[in-house]
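J.: Chain B: place on chain A using the hints.
2 protein chains.
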Amino acid sequence: MDHNGLYRAISEKRSFLCIGLDSELEKLPPSLHKARNPVLEFNKRIIDSTHKYAAAYKANTAFYESMGSKGWLTLESTLGYIRTNYPGIMVIADAKRGDIGNTSKMYARAFFETMDFDAVTVAPYMGEDSVAPFLEYPGKWVILLALTSNRGADDFQYHNEDGLMLYERVLTLSRKWGTFNNLMYVVGATRADMLRDIRKIVPEHFLLVPGVGAQGGSLGDVVRYGITGKCGLLVNSSRGIIFADSSENFDRIAGEKAAEIQKEMESHLAAHKII
Amino acid sequence: MDHNGLYRAISEKRSFLCIGLDSELEKLPPSLHKARNPVLEFNKRIIDSTHKYAAAYKANTAFYESMGSKGWLTLESTLGYIRTNYPGIMVIADAKRGDIGNTSKMYARAFFETMDFDAVTVAPYMGEDSVAPFLEYPGKWVILLALTSNRGADDFQYHNEDGLMLYERVLTLSRKWGTFNNLMYVVGATRADMLRDIRKIVPEHFLLVPGVGAQGGSLGDVVRYGITGKCGLLVNSSRGIIFADSSENFDRIAGEKAAEIQKEMESHLAAHKII
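If you're matching them up, the sequences are chains A and B in order. Counting from 995, one number per residue, gives the positions in the first sequence under the working numbering. Counting from 995, one number per residue, gives the positions in the second sequence under the working numbering.
So here's chain A without its partners, still in its complex pose (with noise of 0.2 Å):
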C-alpha cells in the first residue's frame, strides 16, 4: 500500500481512523475472563464491530509483550484474524523499534515478513542506519517517532541547536532516507498548532496522531492544521473506543463510538473536498 492506495483505502472508508488494540488483559470485560483467549476473543469482537469505520488498525506491542510468547503468539493471530476477514485495512505495529542496521534489519524482518504488518513505528535516537532496513520493503511503511504526546516529550524533543528542535532536526534529516510512499511521522496531538510548522517541513507525509479521544486533543484542530490534499493524517484512538464500555455489548458500543468519529471525519473530509 502506497500514499496514493491509503488514500484511496481513506476515501472508500470515509475515515481516517486508526484503532488502537491496546488490549490490556486486567481491563478487558469480565464477561471474557473465561474465554480460552480473552485477548483474542475481544479483539475479534472489536475489529467485527468498528472495521467499517477504520482505516487502519494499530496493535500497541507492549500489551502482547506483558503476557510472554502467549501474547506474541495472539498479536499474531489478530493480524491473522484482520488479513483474512477484512483486507485491505492497514495494520500498524506500534513497536517503536530502533537498533543498529544489521539488528534493525531483524526487526524488519520480524515485523514485514514473519508477521505480515503493513507499517511499523520505529523511534529515531540511533539515526539512519537503524531505520533504512525497514524502508528497503516495498509497499511497507516505516513511522517514525518525530514528536509524542506524552509529558516526557519536552526532556529531548524540543532540545534546540540554532533554532531547530530535535524533533524538526528527525523531520528534516529523516524525510530524505524514503519518500511520502514508505514514510510517515508520529505526532502528537496535544500540540495540534504545531502540525502548522510540521507541514512546512513534511507537507505530503502522512502523520499518524495519537491522543484523540481519551487522551485529549481536538480532532477539529488536527484537521485544521494537519490536512493535505490526500488527506495524510491517521487519527488513532485506542481507550476511548476499545474500552468505552464493560459490559457484555462492550463490541456494539465500541462499534457506535468509532461511528461517531467516523461522521466527524467524514464531515471534515467533505469540507476539504477530498471525498
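FYI, nobody ran anything at the bench for these hints, they're computed from the structure.
The list treats identical chains as one, so a pair stands whether inside a single copy or across any two.
Below, a list of computed lysine-lysine pairs in the BS3-like style, where the Cα atoms sit at most 27 Å apart:
{"no.": "1", "residue 1": "LYS1099", "residue 2": "LYS1170"}
{"no.": "2", "residue 1": "LYS1046", "residue 2": "LYS1257"}
{"no.": "3", "residue 1": "LYS1028", "residue 2": "LYS1099"}
{"no.": "4", "residue 1": "LYS1038", "residue 2": "LYS1099"}
{"no.": "5", "residue 1": "LYS1099", "residue 2": "LYS1021"}
{"no.": "6", "residue 1": "LYS1134", "residue 2": "LYS1064"}
T.: Frame of chain A; chain B shown alone:
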C-alpha cells in the same frame, strides 16, 4: 542485584564481560540445523562453554522476534536455562523499548515480571515518563541509550544546544530519574576518549559498552577512560565470541575466545586494584 552486587559478581568472575546472544538463525553452525530448536541448542552450548568468563549475558530481542512467537519462546527458554543452571549471572534484555508511561509499564512487566530479566535497554527519545515505569522494580536495571556506536549516532545524538549535546543532555537529565543502583548507560566504544567527558557527568554509574571485538574498539581505551573504583563497566562482545567458529566445536572455540577476553579484563582489574 544492585551496584554493589554487580561489583561483587565482577570481582568473583574476575571479568566484566557481557556476552551478546545475537543468535541469528542463518549464522548458526550447520551441525545444528537438524536440532529441534537450533537457536536454543546453540545458546545452551554457548552458555555452558562461556559462563565462567562472563559477568552478564545480553539477548537482543530482535533476533528472537524475527522468528515470531517461537522465537519469543526461545528467548524465555534461554533466560530460564541461565537462571536454572547459572544463578547469579546478570541477564540483560537488549530491547531498546520506550513508550508513553502506561505502555512502558507493560514493557516493564514483560521483561521484569512475565520474564525475569535483570535489566532492559531503553531508548530515551520519549523522556522521563517513558523510562520511569522500569525503575520501579527493586533490584532491576534500566540501561538507557546515551551514545551508540553506529554511524547513525551522528544524526541526532550530537545535536548541540548551548554546548550540551543530546547524549549529554540524556545523561544529565536521566541520572536524576534513578540512581547508580538501578540505572546504567549504553555508551558506544568506537569513541572511547569520550568516556572521559561522560565520566564527568556520571562518575559512578555502570556503563554498558558495546562493540568491543568484532565491531572494533579497544578494551584498553575503554578501561583507561571509563573504569571506576567498582569497575563501572560491562563490555559486550557478541559475534566475536559466539560466531568465532562454525564447526562442530563452535562452543569450545567460543569458550576460548571468552577466556582470552576474561584474561585481559582480569589484568585490567588487577592493575586498577579492583581485584
